[in-house]
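S.K.: Going by the working numbering, the final residue of the sequence shown carries number 111, and the count climbs one at a time with no gaps.
Just so you know, the hints here were simulated from the structure itself, not pulled from any lab data.
We treat Cβ as the ideally placed atom computed from N, Cα and C, and that holds for glycine.
Keep in mind that the hints are not guaranteed to be accurate.
DEER-style ranges, computed between Cβ atoms [what the hints assert, rightly or not]:
id	residue 1	residue 2	range
1	Glu103	Val38	37 to 43 angstroms
2	Arg92	Asp58	24 to 30 angstroms
3	Arg29	Glu87	14 to 20 angstroms
4	Asp58	Arg89	16 to 22 angstroms
5	Arg40	Thr100	39 to 45 angstroms
6	Ala43	Pro78	32 to 38 angstroms
7	Pro41	Thr83	29 to 35 angstroms
8	Pro41	Asp79	35 to 41 angstroms
9	Val91	Pro50	17 to 23 angstroms
10	Ala46	Ala85	23 to 29 angstroms
11	Thr100	Ser61	17 to 23 angstroms
12	Asp2	Asp99	28 to 34 angstroms
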Amino acid sequence: MDRQLLSIESSDRGLLQTVSGLAAALDGRGTVFTPLPVVRPEARMAPVAPPVVVVAFDDSSAAPVVADWASQYLGRYPDAVLTCACEGRSVRLDAANRDTAREELARLIPE
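Please take these sequences and the hints and turn them into a complete structure.
M.R.: This is how it looks when you write it as structure tokens:
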């Protein structure tokens, strides 16, 4: 499998607190990246990181893990909307369609 990149953006700030759980669930089948904003030397405070993560899939079995994680995330943050993008295509997931997250992401991520 060629390495696939999936970006996940949330309308809720809770995303960055949950990525360690996603990384643990992937268990070596993928890598989770979080963007770090530049901190200027003269800054008095560090800027807030955006609620975006990028998941690099090293194994095709990682996609269902991410889908399960997304479903759990939407259960925990029911007002959040996740925008997932891969290879120029995207899908929006919210609490209303969290039960179909696995199917939605399977269509989004080519194997």
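S.K.: Honestly, which of those hints from before does the structure not fit?
M.R.: none
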